[in-house]
Amino acid sequence: MDKKTTLTQQMAVAQEPEKAIVERKTGALSWVAQNGIFIFLAVLILVASFAVNGFASLENLTSILNRAAPIGIVAVGMTYVVISGNYLDLSVVAQVATAGVIFLAVGNEYGLFVAALAAFAASLVYGIVNGVAVGYFKANAVIVTLATTYIGLGLLRFFSGGSIFFGNPDGPMEQFGQAKLGPIPASTFVLLAITIVLSILLTRTNFGFLVKSFGVNEKATRLAGVNTDRVIVGAFLVTAFAATLAGFVFAAYSNTAVSTMSQGFDFRALAAIIIGGTSVFGGRGSVLRTLLGVMFVSVLNNILVLVGISFGYQQLALGIIILLAVTLDVLSRKLGEK
Amino acid sequence: MTETIQLGGAKETGFFPRLRTIIGRRTEGRGVILLLVILAVLAFTQPLVFTALPVTIGRIALIGIVALGLTAVILMGELDLSVASTLAASGVVVAIIPDLRIAIPAALLMGIVVGIINAFFIAIVGIASFIASLGMLFALSGLAFVLSNEVPVSIANQDAGLAFGQPLFGPVTPRILLFFLVFIAIQLFVTKVKAGREFFAVGGNRQAAYDSGIPVKRRIFTGFIISGFVSALAGVIYTLELTVATPTAGSTVLLASFAAAIIGGNYLKGGRGSIIGTLIGASSLGVLQVALFLSGVQVPVQNTLIGAILLIAVITDPSSLRAISARVRATLPDRTKVEAQ
Amino acid sequence: MPSLTPPSGGTQRERKRGKMRKSRLILAPAAMLAASALILSGCAAEETTETTESAETESSSDDTTTEEAPAETFEVYALFPQGNDQAYGSTLIEPLQANGAELGINFTLSNSGYDATKQLAECEIAVAAQPDGIMLWPAVGSAVRPCLVAADNAGIPVWVINTDVGPADAPLTYGYSGPDTYGQGVASAELMCEAVDGEEVGIIQVNGAAGNGTAIDRDNGFTDHVEANCPNVTILAEQNADWTPAGAKQVAADMISAEGIENIGGIYAADDSMVDGAVQALEDLGEDASDYFITGIGNTKLGNPLVKEGKMYGTVFQSSVWEGENAPEYMHRVLTGEIAKGDRVTAYMPSVKVTAENADDPEVAPEW
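Chains as they are written, first to last, in this note's numbering: chain A, 1 to 338; chain B, 1001 to 1341; chain C, 2001 to 2368.
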């Protein structure tokens, strides 16, 4: 049997419902369904600009972008794991902190280049261990990445003693952290660059196509003779590389790194991905949508801090927004089908 | 997923073949092996784990109780990420209502309500459980902070709390007793009650479950109510035993209970698994943690070790080994592709 | 959901046979992995036996009292919420163990990661192990009563460090040594009031992690003192950050946007690392931090240079070495009966204020 034809057929079948929905949806509702997150973000920004003191200022734009960059880079990378139908990568918490500490601890001693090599070597290990266990051993991604989180943070804390590492003043890390084009910090360009690269990788390459098809139907993809295991390793590698980049950006932001710096990145990144509209069932979603999700969460968080809302209400709001966003998404899709 | 629990299947005759099918059908293998290995090592190195058995069991109960409720959901192929936040929020509810006779039912009711809300979003609205419960994870954790005003809240009746931590008879504290009651109740429910047995069908092949007339949505409600209720019960236990509710309670619970369920052989995509497996998984983790604690090994090293054991446990799943052995054989030239699949 | 999966090849029986062969194949790697797990846990266990054995031999050889070696050896379980995973913990544990060894105290350390329930469980295990004493660094200061009651019932003395227990629980312990957390907040407020010197000033406040005991006590100490003693200082906004510079930088930047930089005259952060982040937020706006009244707590390796550079007016020294050295001393006095039950001792670490005047003194050299 010709493998390629089979796979294309399978994919065609799998994507049929979506195509049908798109065609049948008419008018405003379909537009809402397609662009929900974009509209919410626009409305949020518009309302806040008038109602919230200090929101509409260049300084605050910088602050929002600074907040968005590290978590955004993680989320954009993790979108690959989510689209491939593997829930999430919990170990990004360990990966970001490991990279951050390596960039400062090693970077101070041996320079940025050696540090970058070391950090990416570490991410290679993370990506391969996670990917092989999930891809080749068919183990569950949640537990595999939980295990690598334990191992990674354990090792990091063992070797770093939990100290806060700070970069040399005026060192390359600090310079990057300070670099700005107008109000836009350098980290934003990293976020945009990786979003564009990963978006092209997902939509224009064979690898991206396979990641998506794997999420749509694991068995079909495998039966078509595709080496699915390698695709999964690839998805985890993309996530690991992104997390390392995020570690660099985040460490540069305050010119410090500590093993606890990325606490909560796992579920926060997932929240951004989901709010952006990527399906955790796998197969559906895009990197650009994740970027919108990240911006939404960052703007929301910024607004809540600006108006002096305490931590508890911030969490509460984030939870409700997730439920609302997803409910609206699902409902508009359902209505669109009728 | 077409791999479902083999209901019935071909009858094997003879004692050993039948035993083999029984064992082959069980999912707890790894958990049992892990537990045996740990116990064997400890018998030589840390006999204290056995002399301090009540404490060890108490630890198992602490880890396991939430995992038991979670398993009910996992059997259906759903996930509940909100268990730890439910625990924290209900724990705070126990503390902020002065009269325990009202506070405890209120907290438990809250667990049920959380389960209903989760199930509503999943079964009625049609959101993936992973996402819906992620929303609840944040919302309830926020609620715990809001209700407690972001500080630890002591319960009004401190003596009742302290009494709750004392053994009822022998070494059995209320926590241990409740843990085993929950275990027995859920175990009986999923093995003896029709509605509970249907959990496996819902998780194994949802379409088939619909077709055979199983009220899938109602089962999802049942499952999430169990999970929510048990988490809330754990929250009540936590608060009473500590005599204080902390909004950060249960920070380690979510991932630990997932680990217990998975080590116990429960299949996260549903249909395969058992409550006994979760009990075994929780026991392995509990004994391991007690032993590592007594050994005084540095905590980062402990965590690395726990992670390594988790990783080994998860990649030695029979289906993982099958997958990998198929891969190996697929690369050998004298085998045909068909067989490898 | 239509199934896209075609039935896989082979009859039922063939597949079954295949499965069985595979199940035997599984055994080999499974056994190997089990063995490796065994070795892994064996390694951990080996370490354990070593420590306990050495303790035993010591105690047996030291039965007769000699002048040189410690008179007795004591087993103490140290129930901490942090350890080598955090800078303060690791710089505290080093002198703790060193001084403990001199005094003949063998510590078994635990780390509950600020989970009060986990710490209670560890306490239960510790009590069951029947040590000579328990050293408790509460994960949550108000959530220790069950642990104290259990230790009391078993006749095991408890010494508290770092975060003191409430007055109702105090009689169940032999004493406390460590920082005066509330007092640190007060001291930082005193520095702030001193720096501001009667001027009308609005400040922003960065607290520690939400729900954390130290964060709450320092917040209360600072707020109470400012309210009572220098009403000219107004706290415009406050937020929690997670003790990290990056987290503090983010919330500080947001609070500055909200209040307007022109309305802000100062910053208080509950920890020097967070001061560092807040200072960066100011500098990112092109401001000179030395134009602002800034105080912190800790005198850490990040904070001390800030004081020297004039970016931070002052901070309050929290010495991990002081705490680590003194804790075994007091524990030893309890174990030898010098401190009896009932005469509770409270030994506060001196809350030394560090400003530009004394920041270079060797006594306040940063430790963590």
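Rather than coming from a laboratory, the hints here were simulated on the basis of the structure. Built from N, CA and C at the ideal position, the CB exists for glycine as well. Hints may be right or wrong, so weigh each one.
[Stated by the list, open to error] Calculated pairs, DSBU-like style, for lysine-lysine (alpha carbon to alpha carbon, straight line, at most 30 Å):
(1) Lys1217/B with Lys219/A
(2) Lys1217/B with Lys334/A
(3) Lys219/A with Lys1192/B
(4) Lys2308/C with Lys180/A
[Unchecked claim] Derived contacts from chain C toward chain A, CB cut-off under 10 Å, selection only:
(5) Asp2085
(6) Ser2290
(7) Thr2300
Here is what the structure says about each hint:
1. Taken as a hint, the Lys1217/B and Lys219/A pair is honoured in the structure, with Cα atoms around 26 Å apart against an allowance of 30 Å.
2. Under the criterion of a C-alpha separation no larger than 30 Å, the hint pairing Lys1217/B with Lys334/A is consistent with the structure, at around 18 Å.
3. A distance of roughly 33 Å separates the Cα atoms of Lys219/A and Lys1192/B; the hinted pair therefore is violated under the 30 Å criterion.
4. Distance restraint check for Lys2308/C and Lys180/A: the Cα-Cα separation of roughly 28 Å lies within the 30 Å cut-off, and the hinted pair is therefore satisfied.
5. Evaluation of the Asp2085/C hint against chain A yields a held restraint, the C-beta minimum of about 4 Å falling below 10 Å.
6. Look at Ser2290/C: its Cβ only gets to about 16 Å from chain A, farther than 10 Å, so that hint breaks.
7. The interface hint given for Thr2300/C is met, as the beta carbon of that residue sits about 8 Å from the closest beta carbon of chain A, less than 10 Å.
Taken one by one, the earlier hints fail for this structure at numbers 3, 6, listed in ascending order.
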